[in-house]
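Q: Spelled out, the chains give:
2 protein chains.
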Amino acid sequence: MNTQAINQFIHQAIPFVARSELKILEAKSGYVKLTMPFAVNTNHVGSMYAGAQFTLAEITGGILFMSTFDPKRFYPLVKEVTIRYKAPMQSDGFVEAKWSADDIANIQQALEQTGKADFTLEMPLTNQQGQTVAFAYGLYQGRTLGH
Amino acid sequence: MNTQAINQFIHQAIPFVARSELKILEAKSGYVKLTMPFAVNTNHVGSMYAGAQFTLAEITGGILFMSTFDPKRFYPLVKEVTIRYKAPMQSDGFVEAKWSADDIANIQQALEQTGKADFTLEMPLTNQQGQTVAFAYGLYQGRTLGH
Numbered sequence: 009m010n011t012q013a014i015n016q017f018i019h020q021a022i023p024f025v026a027r028s029e030l031k032i033l034e035a036k037s038g039y040v041k042l043t044m045p046f047a048v049n050t051n052h053v054g055s056m057y058a059g060a061q062f063t064l065a066e067i068t069g070g071i072l073f074m075s076t077f078d079p080k081r082f083y084p085l086v087k088e089v090t091i092r093y094k095a096p097m098q099s100d101g102f103v104e105a106k107w108s109a110d111d112i113a114n115i116q117q118a119l120e121q122t123g124k125a126d127f128t129l130e131m132p133l134t135n136q137q138g139q140t141v142a143f144a145y146g147l148y149q150g151r152t153l154g155h
Numbered sequence: 009m010n011t012q013a014i015n016q017f018i019h020q021a022i023p024f025v026a027r028s029e030l031k032i033l034e035a036k037s038g039y040v041k042l043t044m045p046f047a048v049n050t051n052h053v054g055s056m057y058a059g060a061q062f063t064l065a066e067i068t069g070g071i072l073f074m075s076t077f078d079p080k081r082f083y084p085l086v087k088e089v090t091i092r093y094k095a096p097m098q099s100d101g102f103v104e105a106k107w108s109a110d111d112i113a114n115i116q117q118a119l120e121q122t123g124k125a126d127f128t129l130e131m132p133l134t135n136q137q138g139q140t141v142a143f144a145y146g147l148y149q150g151r152t153l154g155h
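Chains as they are written, first to last, in our numbering: chain A, 9 to 155; chain B, 9 to 155.
FYI, nobody ran anything at the bench for these hints, they're computed from the structure. The beta-carbon is built from N, C-alpha and C at its ideal position, and this holds for glycine as well. A portion of the hints provided could be inaccurate.
What the hints assert, rightly or not - Here are the simulated DSBU-like pairs of lysine-lysine, each with C-alpha atoms no more than 30 Å apart in a straight line:
1) A/K94 to B/K87
2) A/K41 to B/K94
3) B/K87 to B/K124
4) B/K87 to B/K106
5) B/K124 to A/K94
6) A/K94 to B/K106
7) A/K94 to B/K94
8) B/K80 to B/K124
9) A/K94 to B/K80
10) B/K94 to A/K80
11) A/K94 to B/K41
12) B/K106 to B/K36
13) B/K87 to A/K106
14) B/K106 to A/K31
15) B/K80 to A/K87
16) A/K124 to A/K87
17) B/K41 to A/K106
18) B/K87 to A/K41
19) B/K94 to A/K87
20) A/K36 to A/K87
Stated by the list, open to error - Under 7 Å between C-beta atoms, here's a sample of chain A residues computed to sit facing chain B:
21) A47
22) N51
23) A60
24) T63
25) K87
26) E88
27) Y93
28) L129
29) E130
Kindly produce the complete structure, drawing on both the sequences and the hints.
A: Next comes the structure, spelled out in structure tokens:
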């Protein structure tokens, strides 16, 4: 799926994410970049609410998967996420994630052979100045439809 | 703060939480019970979106703190959360958290003496049938205003 198609899909499929105004800036096979806007996601102390930062990280694994593997044949689930908040997020937040050709080949092989493939992602969340203010670690599983 | 006051405060202070329609069912010193509605928080596979379950867990630490300690003098922050998804949440979600009198006394003492107090919470998230479908572990910090 390309950037526009996946933005549209996510906003239709997950109203919770649509309401956060999360935006997928770029999505292609093996690479995604996303942003969570500050303005609509502030908290009681004037920084970005923890759950908005979590959503920015969590959805990234699913979007990387759907940008890389055929969504007509495969779909992603999340199994576990840890997020550590290091400093207040006081601007829009950003995250990138990528896979090498080898990563993609290994996941594809597991999906075809066993019907599922676990994968992990380490995701620094950065502010407008490029500083890492939170760090997320996600464990996901891709699954083959109808397997 | 009582149940009504803290519902009002959270929904005004954190629009992200207000949009999820999270509801604090009961909040008193040392005990809180919250629910996240299913209807407005579904995902691409017809269960509750991971970020909505995270928000239900994460906010619980802050609400327990604000229900127990004077919000004119103290405020809570979250430092780290891990959430593990065990099964799909296919109904409204629920969480409870509580402190003993000793827990409260220890936190109060740390807040008064050092200006801050770390605390942890283990939070099973249950469905309408009372089954635990996700499990969250949160590390929070209470702080003394102006310390």
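Q: Each of the hints needs a verdict: does it hold here or not?
A: Do the hints match the structure? See the list:
| no. | hint | result |
| --- | --- | --- |
| 1 | A/K94 to B/K87 | holds, 7 Å |
| 2 | A/K41 to B/K94 | holds, 28 Å |
| 3 | B/K87 to B/K124 | holds, 13 Å |
| 4 | B/K87 to B/K106 | holds, 19 Å |
| 5 | B/K124 to A/K94 | holds, 16 Å |
| 6 | A/K94 to B/K106 | holds, 26 Å |
| 7 | A/K94 to B/K94 | holds, 27 Å |
| 8 | B/K80 to B/K124 | holds, 15 Å |
| 9 | A/K94 to B/K80 | holds, 25 Å |
| 10 | B/K94 to A/K80 | holds, 25 Å |
| 11 | A/K94 to B/K41 | holds, 28 Å |
| 12 | B/K106 to B/K36 | holds, 10 Å |
| 13 | B/K87 to A/K106 | holds, 26 Å |
| 14 | B/K106 to A/K31 | violated, 37 Å |
| 15 | B/K80 to A/K87 | violated, 38 Å |
| 16 | A/K124 to A/K87 | holds, 13 Å |
| 17 | B/K41 to A/K106 | violated, 39 Å |
| 18 | B/K87 to A/K41 | holds, 25 Å |
| 19 | B/K94 to A/K87 | holds, 7 Å |
| 20 | A/K36 to A/K87 | holds, 23 Å |
| 21 | A47 | violated, 10 Å |
| 22 | N51 | holds, 5 Å |
| 23 | A60 | holds, 5 Å |
| 24 | T63 | holds, 4 Å |
| 25 | K87 | holds, 6 Å |
| 26 | E88 | holds, 5 Å |
| 27 | Y93 | holds, 6 Å |
| 28 | L129 | violated, 14 Å |
| 29 | E130 | violated, 14 Å |
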